[in-house]
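Colleague: Chain residues, written in single-letter form:
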Amino acid sequence: MTIDVTNASDPGASAPGSEAFVVKRRNFRNVLRALEPTFVVTPFVIYSFLGLGVPALAVFYLAFHGETGGWTFENMRLISHGIFLIGFENSIKLGLLTSLIPGVIGVFVAYAIQTSKSNVLKRLTSTGSGVLANFGGINLTFMFIATLGSAGILTAWLHALGISLTSIGFNLYTFSGVVVVYMYFQLPLMVLVITPALAGLRQNWREAAENLGASSWRYWIHVGIPVLMPSILGGMLLLFGSAFAAYATAESLTLGLVALAPIQIGNFLNGNVIAGETHVGYAIAVGMLVILAFVMLLYSLVRKRASKWLQ
Amino acid sequence: MAPVSVYEVDRAEDEAVPPFSTGKPRRRFHFRWWRFLILLIVGAYILIPLYAGIKFSLQNDTGGFSDLAYKSLPSAPGFTAALTLSLKLAIATAVVSTLLMVPTSVYVHLHMPRFRRVMDVVTVLPIVIPPIVLILGVEGEYPLWARASPYLLSFMYVILAMPFVYRSLDAGLSAIDLKTLTEASRSLGGNWLKTMWNVILPNIRPALLSATVLTLALVFGEYTMASLDLWVTIPVWIVQAGQTSDGHIQVAASMMGLIGTWILLILVVSLDRSQSRRSRRRAS
Numbered sequence: 001m002t003i004d005v006t007n008a009s010d011p012g013a014s015a016p017g018s019e020a021f022v023v024k025r026r027n028f029r030n031v032l033r034a035l036e037p038t039f040v041v042t043p044f045v046i047y048s049f050l051g052l053g054v055p056a057l058a059v060f061y062l063a064f065h066g067e068t069g070g071w072t073f074e075n076m077r078l079i080s081h082g083i084f085l086i087g088f089e090n091s092i093k094l095g096l097l098t099s100l101i102p103g104v105i106g107v108f109v110a111y112a113i114q115t116s117k118s119n120v121l122k123r124l125t126s127t128g129s130g131v132l133a134n135f136g137g138i139n140l141t142f143m144f145i146a147t148l149g150s151a152g153i154l155t156a157w158l159h160a161l162g163i164s165l166t167s168i169g170f171n172l173y174t175f176s177g178v179v180v181v182y183m184y185f186q187l188p189l190m191v192l193v194i195t196p197a198l199a200g201l202r203q204n205w206r207e208a209a210e211n212l213g214a215s216s217w218r219y220w221i222h223v224g225i226p227v228l229m230p231s232i233l234g235g236m237l238l239l240f241g242s243a244f245a246a247y248a249t250a251e252s253l254t255l256g257l258v259a260l261a262p263i264q265i266g267n268f269l270n271g272n273v274i275a276g277e278t279h280v281g282y283a284i285a286v287g288m289l290v291i292l293a294f295v296m297l298l299y300s301l302v303r304k305r306a307s308k309w310l311q
Numbered sequence: 312m313a314p315v316s317v318y319e320v321d322r323a324e325d326e327a328v329p330p331f332s333t334g335k336p337r338r339r340f341h342f343r344w345w346r347f348l349i350l351l352i353v354g355a356y357i358l359i360p361l362y363a364g365i366k367f368s369l370q371n372d373t374g375g376f377s378d379l380a381y382k383s384l385p386s387a388p389g390f391t392a393a394l395t396l397s398l399k400l401a402i403a404t405a406v407v408s409t410l411l412m413v414p415t416s417v418y419v420h421l422h423m424p425r426f427r428r429v430m431d432v433v434t435v436l437p438i439v440i441p442p443i444v445l446i447l448g449v450e451g452e453y454p455l456w457a458r459a460s461p462y463l464l465s466f467m468y469v470i471l472a473m474p475f476v477y478r479s480l481d482a483g484l485s486a487i488d489l490k491t492l493t494e495a496s497r498s499l500g501g502n503w504l505k506t507m508w509n510v511i512l513p514n515i516r517p518a519l520l521s522a523t524v525l526t527l528a529l530v531f532g533e534y535t536m537a538s539l540d541l542w543v544t545i546p547v548w549i550v551q552a553g554q555t556s557d558g559h560i561q562v563a564a565s566m567m568g569l570i571g572t573w574i575l576l577i578l579v580v581s582l583d584r585s586q587s588r589r590s591r592r593r594a595s
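Sequence order for the protein chains is S and A. So in the working numbering, spot 189 of the first sequence is number 189, and the numbers just go up one at a time. So in the working numbering, spot 189 of the second sequence is number 500, and the numbers just go up one at a time.
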């Protein structure tokens, strides 16, 4: 192949010695060219492996090893009961609460905005949702301390109305507080995720339903909701994953005192562990990864279904 | 004579329509009503904490107005050190991220379209694998010399930023006719470097800018990895200061961080919008 190309492109160079030389050089150059893609993507591949692959594999490896080395299922046994199991239960409960409630409300908000005639409102919410959805972490914590903490402004307003937050079982620094704070970034996230799906609902479907005599209610029951359902479920799964994995907001709000799986990993890393359980953090991480992998699997299935109707 | 008959036909149609269309105005009326209610409740939920945060940061202990919290912020113990560290990490992260992701994305777009699928999957992983798990693995298995340096955080932040950076670059590169531009540049005698610097980079500037801004916002807000790697960056400083002082100063710092992030992200959104407008114009 190479020889053909050389001869065709360079018929004048017929001296046997020089031809062999040219062929050799071309070969070398072709090898280089063939390797070029490998060279270019190598840094990216190595970087991703070091930054993603190594930590993930390390977590799996250490989760199944004891302090003295050697394979063991002891860590897995530890996380399957007691406080660590409660941590998982709470995390799943938190994920469900902060994906179902903002998930449902988010659909209504997105629809209300999408069908509104005000362009200012539309632009404001699309920008605002983008900003707020990225807005977890400690800034959020302190904003809510100023709102619903013991000296918070909303606390004072409610107090003036004769409502005491503690008497209705709400405390910002516990599980109930974490739920309220998480919704602050979960709701905009849902609006962001569901808006394209709502935009995909075609006007002529509605007209077709009306021509067949359907009321607004029946249109939603038989057309709107079934078409939107995969997108809504997909959005909720995304919300679940985001709440389940979040650490910074819950940690800075409760100072590590609420029993959630990510917080327990943090406590483990900070050295708050009982002797004999020093590898249990890795086991919690593996548990989290398994749950998240399952969520992502469901998400990809749901997405495939969603793309059937909405592009 | 003729106009009257037309008028009558029109009216006859008008009368025939009502049974089918009465639903519409009534539905609109109903709907507006609950739209107002839901936007009111959600708006209150979003805006009251913002208002409370700003108000609280502008109060003194007795409830009067005071900008002391903002004024004393720069001189608060540890603040400058934390700010310096965050700045260093942000610059290192942005530089490494750009050097790693831009050439790779451009090359893959040009010559290896099939590798794009691999990059799609890899760059989604930092969203799926929580940062807390990543830092756990890093602390567990990385050598001590690596863990002793704050730049390990930068190393990991490049990973955390990958989803935004790649998504942004990918959109930017898809919006331009990369192949034609590159071939034109090469046929005019430009080498790889010149093509990259003078042709490709100016064309993806909005994408590059929004990727950088998102990276900076990420570094300045990241708490999980920094606190567990025991480095006092700005967010870690805010939480630690919260355990010793009266609270106004941290709320002030948080509100500054929030408003700063807000401005940066609004910038990104408007950049994205101008980018998509440009690509739409090109397509039409």
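Keep in mind the hints are simulated off the structure, nothing from the lab. Since we're looking at a predicted model, the values are computed, not measured. Think of the CB as a built atom: it goes at the ideal place given N, C-alpha and C, for glycine as much as any other residue. Treat the hints loosely; a few may be bogus.
Stated by the list, open to error - Here are some chain S residues pointing at chain A (derived, C-beta under 10 Å):
#, residue
1, A20
2, V23
3, V41
4, P43
5, G66
6, G69
7, G70
8, F73
9, N119
10, G136
11, L257
12, N272
Colleague: Determine for every hint whether it applies to the structure shown.
Modeller: Hint-by-hint comparison with the structure:
no., hint, in the structure
1, A20, "violated, 30 Å"
2, V23, "violated, 25 Å"
3, V41, "holds, 6 Å"
4, P43, "holds, 6 Å"
5, G66, "violated, 14 Å"
6, G69, "violated, 14 Å"
7, G70, "violated, 17 Å"
8, F73, "violated, 18 Å"
9, N119, "violated, 13 Å"
10, G136, "holds, 8 Å"
11, L257, "violated, 13 Å"
12, N272, "violated, 12 Å"
Comparing the model with each earlier hint shows violations of hints 1, 2, 5, 6, 7, 8, 9, 11 and 12; every other hint is respected.
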